[in-house]
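K.L.:
Place chain B with the ligands on chain A using the hints.
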Amino acid sequence: MRALVWHGKEDIRCDQVSDPEIEDERDAIIKVTSCAICGSDLHLYHNYVPAMLPGDIMGHEMMGEVVEVGRGVNGALKKGDRIVVPFTIICGECDQCKRQNFSVCERTNRKKNLGDKVFGHTTAGLFGYTHLTGGYPGGQAEYLRVPFADATHVKVPDNLTDEQVLFLGDIFPTGWQAAAQCDIEPTDTVAVWGCGPVGQMAIRSALLLGAKQVVAIDCLPERLSMGAAGGAITINFAEESVVERLQELTGANGPEKCIDCVGMESHVSLAQPDTVYDRAKQLMLMENDRPHVLREMIYVCRPAGVISIPGVYSGLVDKIPMGQAMNKGLTFRMGQTHVTRWTEDLLRRIVDGQIDPSFVITHTVGLEQGPEMYKVFRDKQDSCIKVVLKP
Amino acid sequence: MNVVAKLTNITRSPGDPKVLQAGPSVAGAFDGLARKLGWFSIALGVVELVGAERIAGALGMSGKQDLIRAYGAREISSGILSLSVDKQAGLWSRVAGDGLDIATLLSAYRHDNPKRDNVGIALAVVAGIALLDIIGAKGVTARHSRRGTKPRDYSDRSGFPAGTAAARDFARSERGQESGAA
Ligand SMILES: NC(=O)c1ccc[n+]([C@@H]2O[C@H](COP(=O)([O-])OP(=O)(O)OC[C@H]3O[C@@H](n4cnc5c(N)ncnc54)[C@H](O)[C@@H]3O)[C@@H](O)[C@H]2O)c1
Ligand SMILES: [Zn+2]
Ligand SMILES: [Zn+2]
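In order, the protein sequence lines correspond to chains A and B.
With UniProt numbering, the residue at position 166 of the first sequence is 166, and numbering never jumps.
With UniProt numbering, the residue at position 68 of the second sequence is 68, and numbering never jumps.
Be careful, since some hints might not be right.
To be verified - Below 16 Å or equal to it, Euclidean Cα-Cα: the simulated EDC-like pairs (lysine to aspartate or glutamate) are:
#1 A:Lys155 with A:Glu142
#2 A:Lys31 with B:Asp16
#3 B:Lys150 with A:Glu68
#4 A:Lys78 with A:Glu68
#5 A:Lys79 with A:Glu68
#6 A:Lys212 with B:Glu174
What the hints assert, rightly or not - If you only want the chain B side, here are some residues facing chain A, beta carbon under 7 Å, derived:
#7 Ala5
#8 Thr8
#9 Ile10
#10 Ala22
#11 His144
#12 Arg147
#13 Pro151
#14 Pro161
#15 Ala171
To be verified - Far from chain A by the CB rule (all over 12 Å, computed), these chain B residues:
#16 Arg12
#17 Ile134
#18 Lys138
Everything labelled a hint here was simulated from the structure, so no lab data went into it.
Given the structure is predicted, the values throughout are model-derived calculations rather than measurements.
In this text, a Cβ means the ideal position worked out from N, Cα and C, and glycines have one as well.
Isolated chain A, as found in the complex:
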């Protein structure tokens, strides 16, 4: 089959690879009908997250049709079922899964020792996301083996299109969890940094969860226009001061809830000198991430507010103003998304017509064009926001 394979920094290729095979009785194999490129994939494209090996298959947002099931799937799935695959692989049985803390499932990381060493405790296995989280092949491919398939799937009805349900596997629940973790009150201003696909979902989730106003921050006009379409007031940080505008919009209180949908690769510019400092330290291997957004959120957030962080950080960050955070009494919520905690409710919202996540798709191409689309998405060319691939 064909698959998008990581060969090194900025080197993803469409390779011929062998087909996946059932390995464990809880496995299933799907024929991928749609998959997508995520902002998280860019961190791998840039080789910022360690533990990728040449030959690793990319991709963790995918859906398709079940073509083979292991004996242990026990009727939970059958051939022909149409499923979305959550990017977090779950066993459904361990203590964390029982508490719905699915992204820290204790059993699905098959490289648990590595996870234990690096993080202190292992986290769940993830598709296409380095050997720290199991080294599972990803879904930017024609076929995918889904481990623990009896638990790791979301069945979707036939009358919805792939485009409507595909994002149940990652960015929709990710934006939703980011907003839900904020415990939004009807009087709250929710500020969302980053208007990429995750930011777009967070904006709409905050609105549906009843925020008084949602403010969206980015520097790309096309992304800001999409944020405004979702009901947000926008701030272009290349043209105006984020802190000043947020103060203005909140009667100088600051937003009660702040969501970081940017993560470790904050835009570098001389107008934000700390980003240049971070970039220089990154180049000297003295810091992993560029936490500009974290610093800004801590500074501007209303005391006793919540900082919610779906944006991915990989390792050590520098110059985090802990004194401000502590004295303002801020609450931090973060993590890889507990996808399956939210999917039933979110699927219902799609079926009910409350929201249609397909709005975010700007490019749809075949798998062979995937490598070029990584570049287009990374370079923010052609007003690209979300790429869907059709294997």
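P.N.:
For chain B with the ligands alone, kept in the frame of chain A given last:
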């Protein structure tokens, strides 16, 4: 690359797909040039750092060893930047560095310098490399730039099939139900 990707096949479990045939790289010619210039920059920087004395001697620039070492450090940082994802910045920093090199060499291209001929050769070499740097910098900038196309307007993409106002109303009523039930 094909070989490395296939080598890692031995680390993969039986059911995992293994690379049979790697596809073509989509890196552009200028991305390749950036990489070559990046490595060249690092190599030259190391030579300037460790061989500052000899370079100063050959160019009749005695007393300028520290300057040459500083230029070496500059070359190395430009090289690292050119090899990173910010290769545009790396190559433009090389172009600026070439300017500095040329200015410094011109100051040594005096009639009373017994090594004037060597300085002339060095000037020609640096000018040639500067040309390559400019071509490379312009090339990668064009390949990765957003310029040229107007940002699209997505203000018709609310994502709420019934519209944003309806979504707000809905949120309010859902909240009402929750607090009513509590
Ligand atoms: N927690 C999870 O489970 C999970 C799931 C999916 C994605 N993510 C992470 O969410 C983040 C966003 O993903 P995405 O797909 O939207 O990526 P993206 O790269 O498309 O979007 C990032 C956006 O942030 C903007 N930005 C950069 N610097 C900024 C700044 N200083 N202030 C405001 N905006 C800034 C960029 O212009 C861009 O539009 C990534 O870090 C990704 O890894 C996390
Ligand atoms: Zn993702
Ligand atoms: Zn579990």
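K.L.:
Take the hints in turn and mark each one as holding or not.
P.N.:
Structure-based check of all given hints:
A threshold of 16 Å between alpha carbons decides the hint, and for lysine 155 of chain A with glutamate 142 of chain A the separation of about 19 Å lies outside it, so the pair is violated. The straight-line distance between the Cα atoms of lysine 31 of chain A and aspartate 16 of chain B is roughly 15 Å, inside the 16 Å bound, and the hint therefore holds. Restraint check for lysine 150 of chain B and glutamate 68 of chain A: not satisfied, since their Cα atoms lie roughly 46 Å apart, outside the 16 Å limit. Distance check on the hinted pair: lysine 78 of chain A and glutamate 68 of chain A sit about 8 Å apart at the alpha-carbon level, within 16 Å; holds.
Taking the CA atoms of lysine 79 of chain A and glutamate 68 of chain A, the gap is about 6 Å. The hint holds against a cut of 16 Å. Of the pairs offered as hints, the one joining lysine 212 of chain A and glutamate 174 of chain B holds, with about 14 Å between alpha carbons and a cut-off of 16 Å not exceeded. For alanine 5 of chain B, the suggested interface contact is upheld, since its CB lies about 4 Å from the closest CB of chain A, less than 7 Å. For threonine 8 of chain B, the interface hint holds, the least distance from its beta-carbon to any beta-carbon of chain A being 4 Å, beneath 7 Å.
A cut of 7 Å between beta carbons decides the hint on isoleucine 10 of chain B: the least distance to chain A is about 10 Å, and the hint is violated. Against a cut-off of 7 Å between C-beta atoms, the interface hint on alanine 22 of chain B holds, since the closest Cβ of chain A lies about 5 Å away. For histidine 144 of chain B, the suggested interface contact is upheld, since its CB lies about 5 Å from the closest CB of chain A, less than 7 Å. A distance limit of 7 Å between C-beta atoms decides the matter here; for arginine 147 of chain B the minimum to chain A is near 9 Å, and the interface restraint is violated.
The beta carbon of proline 151 of chain B comes within 4 Å of a beta carbon in chain A, closer than 7 Å, and the hint placing it at the interface holds. A cut of 7 Å between beta carbons decides the hint on proline 161 of chain B: the least distance to chain A is about 5 Å, and the hint holds. A hinted interface residue such as alanine 171 of chain B counts as satisfied when its beta carbon comes closer than 7 Å to some beta carbon of chain A; here the least separation is about 4 Å, so the hint holds. Once the 12 Å rule is applied to beta carbons, arginine 12 of chain B is inconsistent with being away from chain A; the minimum gap is 8 Å.
With a least beta-carbon separation of about 21 Å from chain A, isoleucine 134 of chain B lies farther than 12 Å from that chain, consistent with its non-interface assignment. Once the 12 Å rule is applied to beta carbons, lysine 138 of chain B is consistent with being away from chain A; the minimum gap is 16 Å.
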